[in-house]
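Number of protein chains: 2
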Amino acid sequence: MYKPPLADYQNLLTQYAGDHKEYDLATMQQFLQAVGKFSQERLWPTNKIGDQEGIIYNPSEHSVSVPKDFHECYKIICDNGYTSTALDPKYGGGGGPWVLHHIISEMLASGNLSLSTCPMLTNGAVTTLIANASDSLKEQYIEPMVSGKFSGSMCLTEPQCGTDLGLIKTLAEPKDDHYLITGQKIWITFGEHDLSDNIVHLVLAKTPNAPDATKGISLFLVPKYLPDGNRNLVFCGGVEHKMGQHASPTAVLNLDKAQGWLVGEERHGMKCMFEMMNPARIGVGVQGLAVSEAAYQLAFDFASQRRQSRSLDPKQQDQGHTADIILVHPDIKRMLLIIESTNYAMRHLIAYCGYHQDQNNLDIVDLLTPIIKSYVTEQSLDNVSLAMQLMGGMGYVQDGLCEQLYRDGRITMIYEGTNGIQALDLIGRKIAKDQGKSLMRLLKHLKPPKDIEALINQANTTLLQNTQNPSIIAAIAPSYLKLLAISIQYCLITQDNHAADSLKTFYTDYILPETKLYLDQIQKGSSSLLDHQKYL
Amino acid sequence: MYKPPLADYQNLLTQYAGDHKEYDLATMQQFLQAVGKFSQERLWPTNKIGDQEGIIYNPSEHSVSVPKDFHECYKIICDNGYTSTALDPKYGGGGGPWVLHHIISEMLASGNLSLSTCPMLTNGAVTTLIANASDSLKEQYIEPMVSGKFSGSMCLTEPQCGTDLGLIKTLAEPKDDHYLITGQKIWITFGEHDLSDNIVHLVLAKTPNAPDATKGISLFLVPKYLPDGNRNLVFCGGVEHKMGQHASPTAVLNLDKAQGWLVGEERHGMKCMFEMMNPARIGVGVQGLAVSEAAYQLAFDFASQRRQSRSLDPKQQDQGHTADIILVHPDIKRMLLIIESTNYAMRHLIAYCGYHQDQNNLDIVDLLTPIIKSYVTEQSLDNVSLAMQLMGGMGYVQDGLCEQLYRDGRITMIYEGTNGIQALDLIGRKIAKDQGKSLMRLLKHLKPPKDIEALINQANTTLLQNTQNPSIIAAIAPSYLKLLAISIQYCLITQDNHAADSLKTFYTDYILPETKLYLDQIQKGSSSLLDHQKYL
Chain A
76 MYKPPLADYQ
86 NLLTQYAGDH
96 KEYDLATMQQ
106 FLQAVGKFSQ
116 ERLWPTNKIG
126 DQEGIIYNPS
136 EHSVSVPKDF
146 HECYKIICDN
156 GYTSTALDPK
166 YGGGGGPWVL
176 HHIISEMLAS
186 GNLSLSTCPM
196 LTNGAVTTLI
206 ANASDSLKEQ
216 YIEPMVSGKF
226 SGSMCLTEPQ
236 CGTDLGLIKT
246 LAEPKDDHYL
256 ITGQKIWITF
266 GEHDLSDNIV
276 HLVLAKTPNA
286 PDATKGISLF
296 LVPKYLPDGN
306 RNLVFCGGVE
316 HKMGQHASPT
326 AVLNLDKAQG
336 WLVGEERHGM
346 KCMFEMMNPA
356 RIGVGVQGLA
366 VSEAAYQLAF
376 DFASQRRQSR
386 SLDPKQQDQG
396 HTADIILVHP
406 DIKRMLLIIE
416 STNYAMRHLI
426 AYCGYHQDQN
436 NLDIVDLLTP
446 IIKSYVTEQS
456 LDNVSLAMQL
466 MGGMGYVQDG
476 LCEQLYRDGR
486 ITMIYEGTNG
496 IQALDLIGRK
506 IAKDQGKSLM
516 RLLKHLKPPK
526 DIEALINQAN
536 TTLLQNTQNP
546 SIIAAIAPSY
556 LKLLAISIQY
566 CLITQDNHAA
576 DSLKTFYTDY
586 ILPETKLYLD
596 QIQKGSSSLL
606 DHQKYL
Chain B
76 MYKPPLADYQ
86 NLLTQYAGDH
96 KEYDLATMQQ
106 FLQAVGKFSQ
116 ERLWPTNKIG
126 DQEGIIYNPS
136 EHSVSVPKDF
146 HECYKIICDN
156 GYTSTALDPK
166 YGGGGGPWVL
176 HHIISEMLAS
186 GNLSLSTCPM
196 LTNGAVTTLI
206 ANASDSLKEQ
216 YIEPMVSGKF
226 SGSMCLTEPQ
236 CGTDLGLIKT
246 LAEPKDDHYL
256 ITGQKIWITF
266 GEHDLSDNIV
276 HLVLAKTPNA
286 PDATKGISLF
296 LVPKYLPDGN
306 RNLVFCGGVE
316 HKMGQHASPT
326 AVLNLDKAQG
336 WLVGEERHGM
346 KCMFEMMNPA
356 RIGVGVQGLA
366 VSEAAYQLAF
376 DFASQRRQSR
386 SLDPKQQDQG
396 HTADIILVHP
406 DIKRMLLIIE
416 STNYAMRHLI
426 AYCGYHQDQN
436 NLDIVDLLTP
446 IIKSYVTEQS
456 LDNVSLAMQL
466 MGGMGYVQDG
476 LCEQLYRDGR
486 ITMIYEGTNG
496 IQALDLIGRK
506 IAKDQGKSLM
516 RLLKHLKPPK
526 DIEALINQAN
536 TTLLQNTQNP
546 SIIAAIAPSY
556 LKLLAISIQY
566 CLITQDNHAA
576 DSLKTFYTDY
586 ILPETKLYLD
596 QIQKGSSSLL
606 DHQKYL
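Going down the list, the sequences are from chains A and B.
Terminal number for the first sequence in our numbering: 611, no gaps in between.
Terminal number for the second sequence in our numbering: 611, no gaps in between.
Derived from the structure by calculation, the hints contain no laboratory data.
All values derive from a computational prediction rather than experimental measurement.
Just so you know, even glycine gets a beta-carbon here, dropped at the ideal spot from N, CA and C.
Any given hint could turn out to be false.
[Said to hold, decoys possible] If you want the ones that stay clear, here's a sample from chain A, every Cβ over 12 Å from chain B, calculated:
| # | residue |
| --- | --- |
| 1 | Gly304 |
| 2 | Ser384 |
| 3 | Asp433 |
| 4 | Met469 |
| 5 | Glu478 |
| 6 | Asn494 |
| 7 | Leu518 |
| 8 | Ile548 |
| 9 | Leu567 |
| 10 | Thr580 |
[Said to hold, decoys possible] If we take Cβ atoms under 8 Å as the criterion, some of the chain A residues that face chain B in the derived model are:
| # | residue |
| --- | --- |
| 11 | Gly395 |
| 12 | Ala398 |
| 13 | Arg485 |
| 14 | Ile489 |
| 15 | Leu604 |
Chain A extracted, bound-state conformation (with noise of 0.2 Å):
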């Protein structure tokens, strides 16, 4: 069964948020109690449930209904602000730390990812709104958004472009004071539910002449019920068959001259949805590392009730028994340490990055934000499918729980970016733009021991020999922001005290050597597989 693992969350609460204006920490720490006792008693039992139920899809009426059970959690949710504890308090929401919410996102996703999802979603769909929306949007917008009463979509996706945003072809024309848009959205993570009593949709799209490419992009709010209570016209046309997460709508949206108002100003669109599209990635992130801990939990539940095998360690052997708990056996420790320790990083990092959320270090958030959703999804989806091995037969079959776990997990790798495109922002946005200087100011704050200066500072080496060469720097990205990821990951449990000796060292003697293949992959693995005939 899920059990949040609250000593590590009130140690990381200590460390990166200690008393806050609106919270101080004895709060925080009930608060904690009371979401992880939701999350583990309400919302995991719904799991399987939303996995075996799923969305019903109605054509004829282009809607989608969310299992039963997802209503009455997600009141619970809306009803105790627990998605909505780092917003602004002007709008209701609760003004606490970001680590705080990035803790509480982990449970909720813990416990169900596909519910959890909703509001992942609507929150990076304030904070834009905040940022850019005129007044009377906000006023009409934000406080129900923050409620949950609102949920809120991302429509980016054409059938022609995901990635590549620049090839959007939906069109906003002007209209009195609003937008009527026209095109078609695919891929719409809770484009349509029956959770909320109103979506609102931010949707790019393209003005009449707008220039070619992402500059020619707009955002526009596009409700799925107008102001007048009127039905707009932007409809469900499908749902994806999904390989998890069956029970949160993927949505090809239709906008039949759906009214849609303009978010920011005309031709920024882009910029205002990557102020949606950052706190979603570390939401994503988080997401992942809340199956990864799910996962352990079924694992190590697993490993301390198997038998099978005496302990090659004859103090290890239970003489009541005729074997051992797999517990005492070499290999399994091997897979539980891999899993514990990298969530025990990865969850360092996301408080770490909460942390300069809160201290306004924007430029170091950007830097972490791709390095959390890349190298956390990955690592996390590798600890959910060691889980799945530990828990041999079982690992594989409905009634063990973890192969649901692997099957809603797998998409966070894909969404929201694809994690390639994560390493590209790194490296392209994040460290060649400003000439590493983002980077220098988080390696002057985290104080790396000297051997994980020298290993940074030869991948970036390489990355200066060819700033001429684009093909060879994208080549050398994803490892790249592995080797940063564990190199950051390392400094920051090495420096805890909370953390186990033999956990750091674990981390040290197994983990950080991947750096190792990295740096050979940045140095060297990048011209054979750009000239590889069959791909020319």
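Fit chain B to the supplied structure of chain A, relying on the hints for placement.
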């Protein structure tokens, strides 16, 4: 769409089979083309049907039916002897080389993994019956099994034991010329189905007063239908609901004084079972590679068609379109090259094992078996995940076909002995037991370059230093297996004139450095692993 890589296959046949007493090279190549066409055109379309329809269990009849299309395909496989090419001609087999068999098996499993599992198990059962059964049993059962009229199953696991078969409770009481067998077996792949006229279960059980642990185990042949045509008392009590392989039944079998005949000597059951398990373990490695190959084909097709963003290299920009095919992007090349180069290397490893099977170099085959089962399935599933990643959202939805390959293939890392067990088998039964002599013979044959030899020696030194501490040896085992796998594959592909130079260079620069990580883990990672407080 799946297209078999016939050029690679032909290269391996030429290299490792040559002209053979039963088949000359030209005949084998014709055979390959026929199987390839069948797999691509007939099997592949049934794969999704199998996933969606699944098997149907009828509790009142204790019966399982597989999708209708599977019956037709199974008949073609049997009528053409596709799965019996390497079996003894005395019983209707083709008597051909194992290299040919592995290549055909790969194609069949790429086309439809669930269906291909049935003849794979039958093959394993035939192997142990030929080696161990009485003449009377051979006469009754082997020919119809070789032809596919009867299928085989392997009944090892019980609720309280999978890995640790010493805990088996199923009882075999002698009666006349046979035994009456009572107990419950679980996780029995194709333990019940309607593809063949009869199912020959090979069942591990203990005779009365047999000693504890595995030395008390005997092997029995328990047919679903008795020689007189009556139903034997072995009934399917249910089927598992799995992550994938929905069309491959995983049965609970209840035996209630079912009639069984001893195979081999009493209390020699484990030895006989391993004669079934070893070819099946190689077969599972082939299954892993098969899904990785199918995934590669899907990803390559996707990358060659999907247009998104401009190439960073102006020479590669296609002016006829507003975006380039994603195959031009370095990160896409990187993902494809990891899959392509490791698939190539793994296929080579399996063919090389087939060569030693044909040469009757059984110690080398025994050594390679756990490496193939474990390394190939793990790398293959990583590859399927990479293919899914490359395909973005399409990788995650059912229409993209790739997610099914992941779900279906994931069990290969678990069944026929989990990958952790393979590592212990390698290091304990295959290396330590003969003081590394088989490994030395293998290396002599492989002729590794000096640096690879030094690497393997370093790993062996750590093993030798810890012979008195089995826990450390066990902790080291998984990294040791991977180090050896990559080293062997590196030797094989760098010496292969057929492989593209850029593929070899990529493997050398990007994949081979993994061995250094594994060496680090071998040398440093085991003590902290064993010392972690939480798991003591």
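Tested hints:
1. Gly304: The claim holds: Gly304(A) sits with its nearest Cβ about 34 Å from chain B, beyond 12 Å.
2. Ser384: 4 Å, violated
3. Asp433: Fine: 31 Å to the nearest Cβ keeps Asp433(A) off the interface.
4. Met469: 9 Å, violated
5. Glu478: Since the minimum Cβ distance to chain B is about 4 Å, Glu478(A) lies within 12 Å and the statement is violated.
6. Asn494: 7 Å, violated
7. Leu518: 24 Å, holds
8. Ile548: Non-interface label fails for Ile548(A): nearest chain B Cβ at 8 Å, not farther than 12 Å.
9. Leu567: The claim holds: Leu567(A) sits with its nearest Cβ about 18 Å from chain B, beyond 12 Å.
10. Thr580: At about 4 Å from chain B, Thr580(A) fails to clear the 12 Å cut-off, so the statement is violated.
11. Gly395: Nearest chain B Cβ about 15 Å off; hint violated.
12. Ala398: 6 Å, holds
13. Arg485: Constraint on Arg485(A) satisfied, holds at 7 Å.
14. Ile489: 6 Å, holds
15. Leu604: At 5 Å from the nearest chain B Cβ, Leu604(A) passes the 8 Å test, so the hint holds.
Violation of the numbered hints given earlier is confined to hints 2, 4, 5, 6, 8, 10, 11; the remaining hints are satisfied by the structure.
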